[in-house]
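Enquirer: These are the residues of each chain, in order.
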Amino acid sequence: MEIVLNHIIPTPLSSIEHRSESIWGNFIELKKGKHILLNASSGKGKSTFTNTLIGLRKDYEGTITFDGQDIKNYTPDNWTTIRQSKISVIYQDLQLFEDLTVAENLLLKNNLTNLFSEKEILEMLEKLGIENKWNQKCGLLSMGQQQRVAIVRSLLQPFEWLIMDEPFSHLDNDNAMLGLDLIDKRCKDLNSGFVLTSLGSSYNYEYDQELKL
Amino acid sequence: MLEKLLFRNQDKTQLLIAIIGAFMGITFLITSIHYIIKVNEFGKGTDILGPNTIIVQKKVTNSSSLNLTKTDFSLREIEKMKKERFIEEVKPVISNNFDISFETSDPMVPYFRTDVFIQTVDQNFLDVKTDKWHWKEGDEFVPMIMPREFLVMLNTFMSASGIPQISEDLVKEVKFKFKLWNDSTEERVNVRIIGFTNEVSSILVPASFMKFGNDKYSDGSNQKITQIMISGKEGKFGLVEELLNKKGLESKNAQMVIGRLKSVVGTLFFVVFGISIIAVLASGLVLIQYMQLLISRNEYEVRTLLRIGYNPKEIIKSFFLYFVKIFGIVSGIGFLTFIIFKYFLDKMFLTGGLYIDTKITILSIGALILTYLIFIISSYKTAKKGIFKQF
Numbered sequence: 001m002e003i004v005l006n007h008i009i010p011t012p013l014s015s016i017e018h019r020s021e022s023i024w025g026n027f028i029e030l031k032k033g034k035h036i037l038l039n040a041s042s043g044k045g046k047s048t049f050t051n052t053l054i055g056l057r058k059d060y061e062g063t064i065t066f067d068g069q070d071i072k073n074y075t076p077d078n079w080t081t082i083r084q085s086k087i088s089v090i091y092q093d094l095q096l097f098e099d100l101t102v103a104e105n106l107l108l109k110n111n112l113t114n115l116f117s118e119k120e121i122l123e124m125l126e127k128l129g130i131e132n133k134w135n136q137k138c139g140l141l142s143m144g145q146q147q148r149v150a151i152v153r154s155l156l157q158p159f160e161w162l163i164m165d166e167p168f169s170h171l172d173n174d175n176a177m178l179g180l181d182l183i184d185k186r187c188k189d190l191n192s193g194f195v196l197t198s199l200g201s202s203y204n205y206e207y208d209q210e211l212k213l
Numbered sequence: 001m002l003e004k005l006l007f008r009n010q011d012k013t014q015l016l017i018a019i020i021g022a023f024m025g026i027t028f029l030i031t032s033i034h035y036i037i038k039v040n041e042f043g044k045g046t047d048i049l050g051p052n053t054i055i056v057q058k059k060v061t062n063s064s065s066l067n068l069t070k071t072d073f074s075l076r077e078i079e080k081m082k083k084e085r086f087i088e089e090v091k092p093v094i095s096n097n098f099d100i101s102f103e104t105s106d107p108m109v110p111y112f113r114t115d116v117f118i119q120t121v122d123q124n125f126l127d128v129k130t131d132k133w134h135w136k137e138g139d140e141f142v143p144m145i146m147p148r149e150f151l152v153m154l155n156t157f158m159s160a161s162g163i164p165q166i167s168e169d170l171v172k173e174v175k176f177k178f179k180l181w182n183d184s185t186e187e188r189v190n191v192r193i194i195g196f197t198n199e200v201s202s203i204l205v206p207a208s209f210m211k212f213g214n215d216k217y218s219d220g221s222n223q224k225i226t227q228i229m230i231s232g233k234e235g236k237f238g239l240v241e242e243l244l245n246k247k248g249l250e251s252k253n254a255q256m257v258i259g260r261l262k263s264v265v266g267t268l269f270f271v272v273f274g275i276s277i278i279a280v281l282a283s284g285l286v287l288i289q290y291m292q293l294l295i296s297r298n299e300y301e302v303r304t305l306l307r308i309g310y311n312p313k314e315i316i317k318s319f320f321l322y323f324v325k326i327f328g329i330v331s332g333i334g335f336l337t338f339i340i341f342k343y344f345l346d347k348m349f350l351t352g353g354l355y356i357d358t359k360i361t362i363l364s365i366g367a368l369i370l371t372y373l374i375f376i377i378s379s380y381k382t383a384k385k386g387i388f389k390q391f
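Taken in order, these protein sequences are the chains called A and B. Heads up: the first sequence begins at 1 in this note's numbering, then just goes up one per residue. Heads up: the second sequence begins at 1 in this note's numbering, then just goes up one per residue.
Calculated directly from the structure, the hints in this document are not laboratory data. Among the hints, a few may not be true.
To be verified - Pairs of lysine to aspartate or glutamate residues, derived as EDC-like cross-links and limited to a Cα-Cα distance of at most 16 Å, are as follows:
#, chain 1, residue 1, chain 2, residue 2
1, A, 127, A, 174
2, A, 34, A, 189
3, B, 236, B, 88
4, B, 4, A, 104
5, B, 247, B, 77
6, A, 32, A, 67
7, B, 4, A, 98
8, B, 172, B, 140
9, B, 313, A, 77
10, A, 34, A, 208
11, B, 172, B, 106
12, B, 317, B, 3
13, B, 317, A, 77
14, B, 384, A, 77
15, B, 58, B, 250
16, A, 86, A, 2
17, B, 211, B, 139
18, B, 389, A, 77
19, B, 4, A, 99
20, B, 177, B, 140
What the hints assert, rightly or not - Sample of chain A residues lacking proximity to chain B, with all beta carbon distances greater than 12 Å (derived):
#, residue
21, 7
22, 18
23, 26
24, 116
25, 131
Treat the numbers as computed from the prediction; the structure is a model and nothing was measured. Backbone N, C-alpha and C fix where the C-beta goes; we use that ideal spot for every residue, glycine too.
Next up, chain B with everything else stripped away, as it sits in the complex (with noise of 0.2 Å):
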């Protein structure tokens, strides 16, 4: 019956416009959240580099191959790419300054042999566990991150020996050796795969394995960074290649594209985001100032109510109760239409090659929680003030 006295005389239209804002404003807030983050975290796990992070050289020019300007990066050079605003950290890929070679070693696998390549990257780049980054003389085995490119051939070498292929987890359990020599010595070393990179085209090991063969094997000349790798700063893409174009560097495309769309997507989201920040503020103060105009309506109900013995604090919960069902109403139904949304963009996202996870964010809910709490302080903190202002 209280409910019947106080919430009679009302302007739906006002309400009713206040409700889609909030709506809208809460639906797009959501789903920008969440994509935001998503494509963000676009990249992450699928390989061993991180998902903003780009191997990249000097371009071979012909002055380059005539020995007029180098290909190498100074320490100089490192240390200024370094001081850019959008760039996390600048490290160098260090290589073999040894001779070194990749061979099977297993009795189920025929023996297979090549002079190999190796390098070796700072730890903070790699997306591996760290335990099992690591190695030391004595260790049973050199852990190593293989290129894609390798297993492939691997693989043709094992079709054209009339073995059938083996998967990626396969041959992760099988035996392989390092053999390291120079002119003097040589040693063979058990090896392990324990991931595999499209990014990197040789072979990755721990550092203090490539420190253990440059120490020992190395024929003593002078070691060059020819490559580095570069970690962005989130959404920051577009000006990381800006700086590789400005310095005449280059990266594997695939990287270039991936960083690029991320940067865009990332950004539109951006947009989308501070547009329903806007739109939920608007409409949240739309709504207070409805709560504010329904109270002020009521005036003369209230104050009779206190005056008959109604305790302020049951009117205060009635108009509280009110629009805590109202937005919580509103929650939902943007929640559900955000689940809808996300069905019909991860859609689009699949169909346009960008591969994003569809498990919804923490963040995306935290949003609507956050959101409903201030909302909801805030329709008390209204109701409280216009009620005890009868009082």
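Pulled out of the complex, with its shape left as it was, chain A reads as follows (with noise of 0.2 Å):
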């Protein structure tokens, strides 16, 4: 899926002077398969870039299309085939189900297409270094291993994208590089691209594209 944002200014950011090679305002094409870092300080839009790609922000100038379709026709049915098949997203702020425990969360996702069985599940867990977690809450586990769990749920569904909205920021080093080792090779597998936000680390990961902000 071919992801295209034509001049585009969120409402919010529509009065603040953006750089000449930011994405606000420009022609953007995210080609299909690329692996893509945005990279950006703090209040620069990284999550309302995130948040209007996928659907929840309607607030912005300009057109985005998949496929060359405008989202801004989508119906809630379009959005839910989108979120269940095309594009993947980890949340900044997780989005997980406090109360549930990991496996819980895990499986909520994983039950809308029974992808993986639970004993691939907790290979992915173990990658990471948490499967030791499974039946704990997920409010009750430190925020760098509900960012793992994050992780994983994302990757329990078939998709063409990945957004990732500072997925790594409560990680050390090694864990975020065993993340997007999971991430890199889990995108492969699909042919999938990612767009990865970042503060300014980039991980030691070779982009095909990078944006700025």
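Join these two chains into a complex; the hints should help.
Expert: The following block contains the structure:
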């Protein structure tokens, strides 16, 4: 799925002067399968970008198209399909259910497509070093552990794009690398692209494209 | 798992109050509808007159005996009564203006003969099938409705003659004849009994036979209307009775008592019905508000489910089915309680002498289904509105 941002300016950012290379107000193409880094300092609109792309915000000028279709015309059913099988997201605030266990949080997502077995999900957690948290409530985990649960949850669906809003902000470099390895492998398996927003770090990964805000 | 997520934080007390309210409302609603219908039906089919119909005549007083006041009804009086809002219909009871006698004509029954008084009333007042209630010259027999007192009298005669008494069904098979005559001519016509009445003291015949007799055998004197039939509107018997008292009219006591009883019991159930409607609406409203509260308490959960790819329809379905189940259980228990209530109430009515039909009315089932439908539609709309707000 090709994503085009045609002179997008979110309403809250319309009064701010944007740099010439900023994605705001320019024509940007996100080509299928590309691994993209969106680097910007805090408050520049990284979460606004994520939320706009996933249809949670509609307060912008310009057009965003998925394979040529303006997303402003999407119905709730269209968005459900997009969120189930085209775009997966790691939200900055993680969007986990704190009262549910790690297992329940992950199975709630996996139940939509039944893509993985419990064993396979546990293997993913193991790669991130939190397989022993399977039956623990998410609310009792540290932010770093919760972030790893959110990473695994985002991979439990088919997708063409993985949008990650500061996914490693609470992780040390080693754990961030483990997370990125898992993401990279899954994206390569699916021939999918990703957009990773970051406060500056590139996590020693070779990106196909770098965007600015 | 979706249910566990969405229904884990509930204020059970509020839910319980709403459930109890809905249960009481539904139970009383179907109970009151059932008994409003049953009480109104009371009397139907037990006699040949409609359940709200009475035969009235003017009270015979000293002055009427002295011919100072009239005991017959003028057409103007009848028309005036028809205009009362609580009266369905008023019709004169037409009597014979010729000589007529009734006699047995069956080899199985000893000969018996008596002069009789026959009357005819409008077909609309009679609870008999129209195909049985007609006569024309040349027909095999004249259908007649006999006062039950007459059968008692006939049986007394049979007993005195050393013959076994006969039942209502059997007497319908016995052959009888009417003898009609005047000074110059006479004739006999076959008669068959098709029904019995407690409410009319004379033999009832079709209007066509009465006309035939009056035309052919009348002595020529003017025919007076001394009795009329009044059909009151459902549940308005108190007003009919008030009018009768005001106009100095009287009826058979049994008819008056039944009418009064029906009016009182019917009114009581109407009051219960009104309270039930309010209870059902109020509890329905509380349940719907409870759903709104539940959705707003789960705002984060609903929004997150939508963000991770859950279809809003699936979340709506979860809330909808939860409340459909709750209301289904409430309705089911309400219906069972109604059955138990009904068992005891029917017993009470029976003990009190009100022999009402014990079958469950379709309307009370209909009211239950309608209430359930209204509630599930409201639930669906509330759930839909609440979920799509989060999209």
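Enquirer: Need the list of violated hint numbers for this structure, in ascending order.
Expert: Violated: none.
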